[in-house]
Amino acid sequence: MARKARAAARHNASGFMVPELYRVVKAWRETHDSFSLELAPADGSPVMRFLPGQFNMIYLFGVGEAPISISGDPAGKTLVHTIREVGSVTRRMAKLKEGDTVGIRGPFGTDWPMDAARGNDIVVVAGGIAFAPVRPIIYSVFNERAKYGKLAVLYGARTPGDLLYEKEAKCWRSHEDTEVLMTVDRALPGWSGNVGVVTTLIGRSKSGNDFDPYNTVAMVCGPELMMRFTVRELIKHGVPESRIWISLERNMKCGIGLCGHCQMQSHFICKDGPVFRHDRIRDIVNRREL
Amino acid sequence: MEKNEIEAILKGHPFFEGLDAGQLSAIADCATDSQYETGQFIFKEGQPSEHFFLIRSGGVALEIFVPGKGPIILQTIHENSILGWSWLVPPYKKQYDAQAVKPVKALKFDGKKVRGLCEKDPKLGCTLLMKFSEIMSERLWATRIQIMDIYGKES
Amino acid sequence: MAVKPGSTVVVAKEHLQGVLDALLKRDYLVAGPVARSGVISYEPVTSVTELPEGWTDEQEGGKYRLVKNGGGKLFGYISAAQSWKRVLFPSERRMWSVRRDGKSFAMAGGAEKPGKAALLGVRACELSAILVQDRVLMWDRFSDPLYAARRRNLFIAAVNCGRAGGTCFCESMGTGPKAESGYDIALTEISGDGRHYFMVEVGTEAGAGVMSEVEVTEAGDAEKAAAAAVIAAAAGSMGRKMDTSGIKELLFRNFENPRWQQVATRCLSCGNCTMVCPTCFCTAVEDRTSLDGNEAERRSLWDSCFTLDYSRIAGGIIRQSVSSRYRQWLVHKLAAWHDQFGSSGCVGCGRCITWCPVGIDLTEEAAAIRESDGDTMIKGEN
Chain S
-13 MARKARAAAR HNASGFMVPE LYRVVKAWRE THDSFSLELA PADGSPVMRF
37 LPGQFNMIYL FGVGEAPISI SGDPAGKTLV HTIREVGSVT RRMAKLKEGD
87 TVGIRGPFGT DWPMDAARGN DIVVVAGGIA FAPVRPIIYS VFNERAKYGK
137 LAVLYGARTP GDLLYEKEAK CWRSHEDTEV LMTVDRALPG WSGNVGVVTT
187 LIGRSKSGND FDPYNTVAMV CGPELMMRFT VRELIKHGVP ESRIWISLER
237 NMKCGIGLCG HCQMQSHFIC KDGPVFRHDR IRDIVNRREL
Chain A
1481 MEKNEIEAIL KGHPFFEGLD AGQLSAIADC ATDSQYETGQ FIFKEGQPSE
1531 HFFLIRSGGV ALEIFVPGKG PIILQTIHEN SILGWSWLVP PYKKQYDAQA
1581 VKPVKALKFD GKKVRGLCEK DPKLGCTLLM KFSEIMSERL WATRIQIMDI
1631 YGKES
Chain H
9 MAVKPGSTVV VAKEHLQGVL DALLKRDYLV AGPVARSGVI SYEPVTSVTE
59 LPEGWTDEQE GGKYRLVKNG GGKLFGYISA AQSWKRVLFP SERRMWSVRR
109 DGKSFAMAGG AEKPGKAALL GVRACELSAI LVQDRVLMWD RFSDPLYAAR
159 RRNLFIAAVN CGRAGGTCFC ESMGTGPKAE SGYDIALTEI SGDGRHYFMV
209 EVGTEAGAGV MSEVEVTEAG DAEKAAAAAV IAAAAGSMGR KMDTSGIKEL
259 LFRNFENPRW QQVATRCLSC GNCTMVCPTC FCTAVEDRTS LDGNEAERRS
309 LWDSCFTLDY SRIAGGIIRQ SVSSRYRQWL VHKLAAWHDQ FGSSGCVGCG
359 RCITWCPVGI DLTEEAAAIR ESDGDTMIKG EN
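Protein chains in written order, with our numbering: chain S, -13 to 276; chain A, 1481 to 1635; chain H, 9 to 390.
Worth flagging that the hints you see were computed from the coordinates, not collected in a lab.
Some hints here could point you the wrong way.
From the structure, some residues in chain S lie toward chain A, with a derived Cβ separation under 10 Å [to be verified]:
1. Asp19
2. Val72
3. Gly113
4. Arg144
5. Val170
6. Leu174
7. Ser178
8. Gly179
9. Thr185
10. Thr186
11. Leu187
12. Gly208
Pairs of lysine to aspartate or glutamate residues, derived as EDC-like cross-links and limited to a Cα-Cα distance of at most 20 Å, are as follows [unchecked claim]:
13. A:Lys1633 <-> S:Glu71
14. A:Lys1611 <-> S:Glu219
15. A:Lys1582 <-> S:Glu165
16. S:Lys222 <-> A:Glu1497
17. H:Lys111 <-> S:Glu84
18. H:Lys111 <-> S:Asp86
19. S:Lys81 <-> H:Asp295
20. S:Lys81 <-> H:Asp109
21. H:Lys256 <-> S:Glu275
22. A:Lys1633 <-> H:Asp317
23. A:Lys1633 <-> S:Glu16
24. S:Lys83 <-> H:Asp109
25. A:Lys1633 <-> S:Glu210
26. S:Lys12 <-> S:Glu71
27. H:Lys33 <-> H:Glu213
28. S:Lys222 <-> A:Glu1559
29. H:Lys111 <-> H:Glu305
C-beta atoms are modelled at their ideal positions from N, C-alpha and C, and glycine is treated no differently.
Generate coordinates for the entire structure from the input sequences, incorporating the hints supplied.
Dropping the structure here:
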C-alpha cells in the first residue's frame, strides 16, 4: 500500500534493530500515572519524520524497551511521547530528566488515514491514555485545516484527574468547526463536566445526530472493550464500517514483524497495524483470546 | 408553547416513533414546555415522582449527595434524551437529584396523566413500557461499563 | 572429470572424508550428526568416523530411541532431536551492546560475528524449513541481520532419506523425501551388494568446487536407479499424512471448535514443540547490564507462544487458556503462515509429535478438526 510505503522510510543498515540515540529536551508529568517526554536526536540531526498513528520502541539503558505511540506534531522539530506507567520499563522512564539519553527505534506501524479523510468530517474517539496516539491527528488537521471538514474530538477517561491535555483542548475548541468533548466514568466532588461512557458524547456532538455517511471518517483508540462498543455506536449513528479506523495493541518485542509476539491471526500488529480499517478485521477483532 | 408545536417535537423524536397520531395527540396533552437555568434543580431526591422529561437542549447531571463529600455526578443526561422513569414504578419517588449543567429546554410530561392513558389504552401502555425498557437497558449498560473501570491498569 | 552444477557423481564411502576435508580447507565449521546422550545431535565434526554409523532412531508420539540396527549406514537415522536452528538461529544471540558515556550512552557494536558453516546431513524437510525461515527472516519487509549473517555463506550438504521416520509426513506436506533444490550438494546413501557409496547431485558452483576435490566417478544409470529406489522406499513408507486441502480456511473457521478444549486437557504448554520445530522463529529480548553498570547488551532468545507471558499487554494476558495457546500455535503454523509468507509453516518433520511429552500429534488434531468442521462450544449451534 502506498500509505505503508511512505511510512518509516529511513534506510537503516542494521535493519531497524539498533536504536538511535535521542536526548530528553524536556520531561513533565501529565497525570498521576502518566508523563511526557520531548526528545531530539542526540547528534543534532533532524528529528525523525513520522505519520500519525505510528509508534517507536523506546530503549532505556540496561532496562529494556517499550512500544510507545508518538503523540506529538508530525510537523514538529522534536519528538513527543506521552507514556503511562504500567510496567518496569515505563516506571523507570518516568524518572527521566532533561539531558538524559534514550534509544529510539522507529517509526513503525501503519498510520491513521489522514489522506482518506481529506474533504471529510472527522470524528476522533479516544479513551484513557489513548488520547496520546490520536493527538497527532488533531495536529495534522490544524496544520492543514482547509483540507478537512468538521473535527469532533470525543474523549473519555476514568476520573477527572485522568484526563489528558485539558489545557490544550481549550485551545483546540477555539478553532472553527472544531469541538472537543470530554467525559469521565466517575466524577469527583467539584466536577461539573460530563459523566458517562464516551459513547454518550457521540449523540451529543453537533454532527453526531446524523453523520453524513459519505463524508465522515472515524478514528477510534482505546481499550479494546471501549473500541468495540464505540464502533457499534458509530455504526448506529450511520458511519459505515469501512470509514471507521481503530488502533490495536499487542505484546511487541521487536516492532518489525520478526519476533512473532504481536500476531493476531494473520496480522502482525507492528507492521500490518496498529491502525486497521474496521471492515477489514471485523471477523476476527472480537474473537476471544485470539 | 402551542399543542401542535409539542406534537411536532414528539413526531420528530425517535423515542415516540411508531405511535399513531391519536396517541401522539393524547401524550402531547400531558406535556408542557419547561426551561431551567444552569444550576437549577429539575427534581430532587425523595420528591414525589410525577414527571418525566424529554431534554430538548442543554444537559442534566444526575447527582447523589454524599455526606462529607458533597454532590457527586453519576451520569450526564444529554440533549435529545429521556429523563426519569421512577414515575412508572411505586413508590413513585425520585432517587437522584437532577441539576441543569447548561441552560435546559425540556418537555415536561405529567406522569400520572400518562399512567391514566396507559390504563385506558393498554396497547399504548405496552408500547410506552417497551420504549422505557429500552432506555433503562441502555442506562444500565452504560452504568455497568462505567463501573467496570475499563481505563484502569488491569482493564 | 569436470564437476559442475547439475552433475551427478558417485563417491565411495571410503572417499567421503574428502568432502569434509574440502570444506574444512575452505574454513567452514562443519556441523553434522553425531550419536550423543541417547539422541542424534548436530555438532561440529571433522571426520567421517564421528558420524553415527549403524545408528537409527525409532520415533513415535512422545518417544525417541536410538538403536544400533546392525547395518553400516552413516545416515541410517532419520532426524536429530533438534533442527539446524542450532546453527542458523541459535537459542541465544547477541544483538548489540552499549557503553555508558557520562550522562549518556553510546552504541558499541557487539553484534555476534558468526563464521562460515557447512551443514552435513540436511534432510529434505529440514532444507524446506531453512527456506521457510529464509522467507520469514530475510525476505519480508524487515530482515534479521543476525540470521542473514549466518545464512550468507552457508554450505548445505543435503542427505536424502531412505525410509520414513516414525512421525514423518513430509510427503503430504510436499517437502520430501527428496531434496529438490536449495542445496549445494545432495547425497543419497546406497549400501548393498558389497558396495557402499553415495550418489551426489551437485546444486551450485560452491558444491561443484568442493566435489571437484573429492575422488568421484560419474554416476551411471544403475546407480541413479538405486538412488531413486532408496527415495521411493522412503516415500512409500510414510506412516502419517496431513490433509492440507483447504486447511487454512478450515482452521480459520473452526475458531470455536470444541477440539481446542479437548487438546488442552492433554497439552502441558511446555513448549517442546516450538523448540524442536525447525520453522518456529519467535524470539524474546533480554537486556542485561554488566555488574558495574557501565555496559549493557541486548540478546535475542528463543521464545514460545505457549508461555503465558507471550501475549501479555498492559491490560493483562490475551491468551490465558492453554486451549487458546495451542490453537494459536497450530493455526499459525498451518493456516496463518500461508497469508503471511505464502506457504505452510509446517514441513512434516514430525519432531513436535516425537518430542511432545504426551504425544500430541498435529496431523491427528488437524484431522479431528476436519471431522468436526463447524462444531462449536455453543449448544444448539451445530
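field: In rising order, the numbers of the hints this structure does not comply with
entry: none
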